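**Student:** The listed protein sequences correspond, in order, to chains A and B.
Position one of the first sequence corresponds to residue -1 (the working numbering), numbered consecutively onward.
Position one of the second sequence corresponds to residue 300 (the working numbering), numbered consecutively onward.
To be clear, the hints were calculated from the coordinates, so they are not data collected in a lab.
A couple of the hints might just be wrong.
Straight-line C-alpha distance at most 25 Å; calculated PhoX-like pairs for lysine-lysine [as the list claims (entries may be wrong)]:
1. Lys0/A - Lys354/B
2. Lys96/A - Lys340/B
3. Lys54/A - Lys106/A
Computed from a prediction, not measured in an experiment: that's the story for all the values here.
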Amino acid sequence: QKEVEQDPGPLSVPEGAIVSLNCTYSNSAFQYFMWYRQYSRKGPELLMYTYSSGNKEDGRFTAQVDKSSKYISLFIRDSQPSDSATYLCAMVLRGGNKLTFGTGTQLKVEL
Amino acid sequence: GAVVSQHPSWVICKSGTSVKIECRSLDFQATTMFWYRQFPKQSLMLMATSNEGSKATYEQGVEKDKFLINHASLTLSTLTVTSAHPEDSSFYICSTLPRTKPQETQYFGPGTRLLVL
């Protein structure tokens, strides 16, 4: 079993839809949680990070962490074609600095 | 967000040659830098952790004599792929950790695409 599980997709949604991306993890020692967006042939771009259970909002993006269920989500409101990319969840262990990535979910927002 | 640059952005080389990739932290000093490799449609795989002024720490299965890492300053780390072979063709990405906020997350460079013929 992988430490971090993420559905690879692809996920296709119409423009304007609310997108829900999810990851589950098995190690309760993960303390920091991030979401990265990666366009084709580019490096990952940090979207959101959080370290506590609950919601964190930034513009059209909301990151949600449920440590009791070992489940994190990223919601994208009013999705745009420019949101089409691969979304990677990542986590860091308590006291550590190495990122453990999910496999990434490929998202396509269609006109 | 932080700015991290990589050079070159892409490189084609002949089998058996060595290739050096630079990673620069432009906005802040980075005590720690990381090197990743990414194959098509796969996630990032950590190769090594590079600490300024000390030897790099390599992940299991990564040959340290093949992938030479030098972190000579707080803003520059280099990865040299020695005696490159076609199976080394991949997307190499570096990331940096801000020196003043070690618990903050990593900022990634744009990546270097390597093709070994």
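**Student:** Next, verify each hint and record whether it holds.
**Tutor:** Do the hints match the structure? See the list:
The hinted pair formed by Lys0/A and Lys354/B fails the criterion: a straight-line CA distance of about 29 Å is larger than 25 Å. The suggested pairing of Lys96/A with Lys340/B holds, with an alpha-carbon distance near 21 Å, which does not exceed 25 Å. Restraint check for Lys54/A and Lys106/A: satisfied, since their Cα atoms lie roughly 24 Å apart, inside the 25 Å limit.
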